[in-house]
Every structure is written in C-alpha cells, then in structure tokens.
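*Asks:* Two chains, two separate frames, one set of hints: put the complex together.
Residue strings, one per chain:
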Amino acid sequence: AQSVAQPEDQVNVAEGNPLTVKCTYSVSGNPYLFWYVQYPNRGLQFLLKYITGDNLVKGSYGFEAEFNKSQTSFHLKKPSALVSDSALYFCAVRNPRGGSQGNLIFGKGTKLSVKP
Amino acid sequence: NAGVTQTPKFRILKIGQSMTLQCTQDMNHNYMYWYRQDPGMGLKLIYYSVGAGITDKGEVPNGYNVSRSTTEDFPLRLELAAPSQTSVYFCASSVGAPYNEQFFGPGTRLTVL
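Listed in order, the protein sequences are those of chains A and B. Count along the first sequence from 1, add 46, and you get the number used in this note's numbering. Count along the second sequence from 1, add 830, and you get the number used in this note's numbering.
Chain B extracted, bound-state conformation (with noise of 0.2 Å):
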C-alpha cells in the first residue's frame, strides 16, 4: 500500500504559467482533499471530492481547478500562476465518514516568481 502519493515533490512557476498537481490514492477511499499550507497559517481546504465525478469548493478556491474521473486520481490544476500560490500543497483522503481520520500525501512545494 503506497497510500496517499504526489507529484511532483518540488516546482518553481513563472508568473501567469500553468500545472497540475498530480494525486492518487491506492486505498480506494471516496473522499480526497487538497489543502494548502502556508507559514503560521495552518492548512486550509482548496477543494474536495466526495467520490468519483463529484467535486466541490473549500475555503480557498480561488485560482485552482480540479477534476475526479476516477476514484483513485484528484489532480488540482493552476491556470494562471500567482506569486500568492506559493505554498506547500497537500493532498489527501479518507473514508468517507466525517468521523474518519484523513490521510496525507507527502506534499508538493510550489514557487511562483
């Protein structure tokens, strides 16, 4: 069981440039996250999935987009890089009862100059 895994570790955009955040999960868990943390601030909730199709808007949606064909994959993509999207990004699932504990993803550090 690989878990909660993401690509790319490490990434430096320029301005006004586009990627995706590659996520996949082998626990066959119907709910996934992404979160962002930056410093001091905790990890907030970009967007989520409640299963395969379905997807809807966390706290900070602003600038991504994702999309969950599958249950195992939940890519985020950025269209338009900002500097303000510098920041560690966190991926992860869980069963989906609200009790349930979440699992993380080794996260992906993104810089935009």
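Chain A on its own, in the form it takes in the complex (with noise of 0.2 Å):
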C-alpha cells in the first residue's frame, strides 16, 4: 500500500536560519512527489513536484525538495526562514498508474512556526 510519512508534527525555527521539513514515502515503482502549503483557513497551495530527472528540484517562495530514491524520501527545504512561511505543510505521492492506485496519497501534515 502507499503511504507517506511526516515525522514531525511540528518543525520551529528562527528568522533567518535554514529549515527542513521531512517526508518519507512507501510506493512501488518511481513515485510522483508533491509539497503543498496550507495557510490558515485557506485551501491548500503547490509548492513544487519531483516527476523525473534532477533530484533537487526548485519551488514558489524559495523552497526546495530533494529527492534521495534510496532513503525513499522528499525533504523540504529553505536557506533562509521568514515568519511568513509559518503554516501547515504536506507531503504528498502519486503513483504515475492510473486508475485509484494514480490517486494522491497525503501525508499528515507538519505545522512549520518561524520566530522572528
């Protein structure tokens, strides 16, 4: 079966310094990996996605994600914190068949909180 697993429920640091947000999955086959932001009382926002080819790939607002097939995970990432990106984010997979095992597979979310 999928799934996708967030360790943490919650990451803190400070403005300025480097965050990472990790996320490990379980699919068969060359998964399709996705971040998304949820801001408060908001839907959820693409942040950015692996499909193939370069293992560090580059989002909105400055973030990164590197995907490391051997460890099967997808970590977030950012050089620099600001306050702004405090909110909830997720991890999510694909498994590039169609059909309902295509579906995106969520992972439970960490809640990111960047302190000026």
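Source of the hints: derived by calculation from the structure; they are not laboratory data. Everything hinted at is true.
One-sided and incomplete, this derived list gives chain A residues near chain B with beta-carbon spacing under 7 Å:
id, residue
1, Tyr78
2, Gly89
3, Leu90
4, Phe92
5, Ile97
6, Arg140
7, Pro142
8, Asn149
9, Phe152
10, Gly153
11, Lys154
12, Gly155
Quick caveat: nothing in here was measured; it's all calculated off a predicted structure. Idealized CB from N, CA, C, for every residue including glycine.
*Replies:* Here's what the structure looks like:
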C-alpha cells in the first residue's frame, strides 16, 4: 500500500535560519512527489513537485526539495526562513499508474513555526 | 480566473439532515476531487471524477454521493449527516496527467450535531 510519513508534527525555526521539513514515502515504482502549503483557513497551495530528472527541485517562495530514492525521502528545504513561511506543510505521493492507484496520498502535515 | 470556488464556507447540520456542497472551477480542468481534512490526519480522498459523466470512489466514500454533469461543477451530497462527517471539505481540480498538481478551493467547514 502507498503511504507518506511526515515524522514531525511541528518544526520550530528562527527567522533567517535554514529549515527542513521531512517526508518519507512508500510506493511501488517511481513515484510522483509533491509539497503543498496550507495557510490558516485556506485551501492547499502547490509548492513544488518531483517527476523525474534532477533530484533537486526548486519551487515557489524560495523552497526546494531533494528526492532521495535510496532513502525514499523528499525533504522540503529553504536556506533562510521567513516569519511568513509559518504554515502547515503537506507532502503527497502519487503512483504514476492510473485509476485508483494513481490517487494522491497525503501525509498528516507538519506545522512550521518561524519566530522573529 | 476565480480558480476553484466552494460554497458554503461554513455549515452546521443536525444528525440525519442532508446537504450539498458546491464546487465550481473555471480552469477547464477535466479532473476534479473531493477531500476531507480531519485534524492531524491529512487529507483523505472521498470521490473523484476524470470528466463529465464519470465518477469513482476514493478512500472514504461511505455516506457521500457525487455527480458530474458538466466540466465545471462537481457537487458533493451528504444524504444522512452523521457526527463522523464533521470535517473540513476541500474540492480540487487538475489537468488529467498524474504528474500535474491539483488546485484547491478554500474549503467548507461542516459541523454535524
């Protein structure tokens, strides 16, 4: 069965410091991987995705993520955190196969808190 | 472009009542989805549609029904509301290929008492 794990419920970072939000996955074959962000009382917004190719992908608002196939991880990173980055972050995985196996599976979310 | 819109924003239902959550997208996306978000649980897929006239069950379809008569609209129906359906409901849409990102609406917060 496909699954996504976000091992940290909350990550606390000081403004200006680098941040990492962790994600590991379990899916057969080569997955499609996504990061979404949710601000309070809002829907999810797409940040970035890995489909194929370069393991380091860059996305919106200065975020990037590194795909590591051997560790089945897709950690989200940013070199210098901003207070405005405080939000709930979701990792999601999709099996490239179609049908119900191709549905997007979300992690439980990690709350990022950036303090001034 | 309004993107994905959902109505209502909030609703309180009594046990056994029914209601329809509305979802509309103006991006001409063929795929549409309904998710529910419970605290600390991430999003779970309720139903999805790959085009007008075609719908299929997701992970948690029990207690819900959907229809897709047009490309733009994908309403979610709750027939006999139960407290277990208290949740935040999100509609999303995407262009068909599985590597494309989904666009989400602002959500409907539903409480069943």
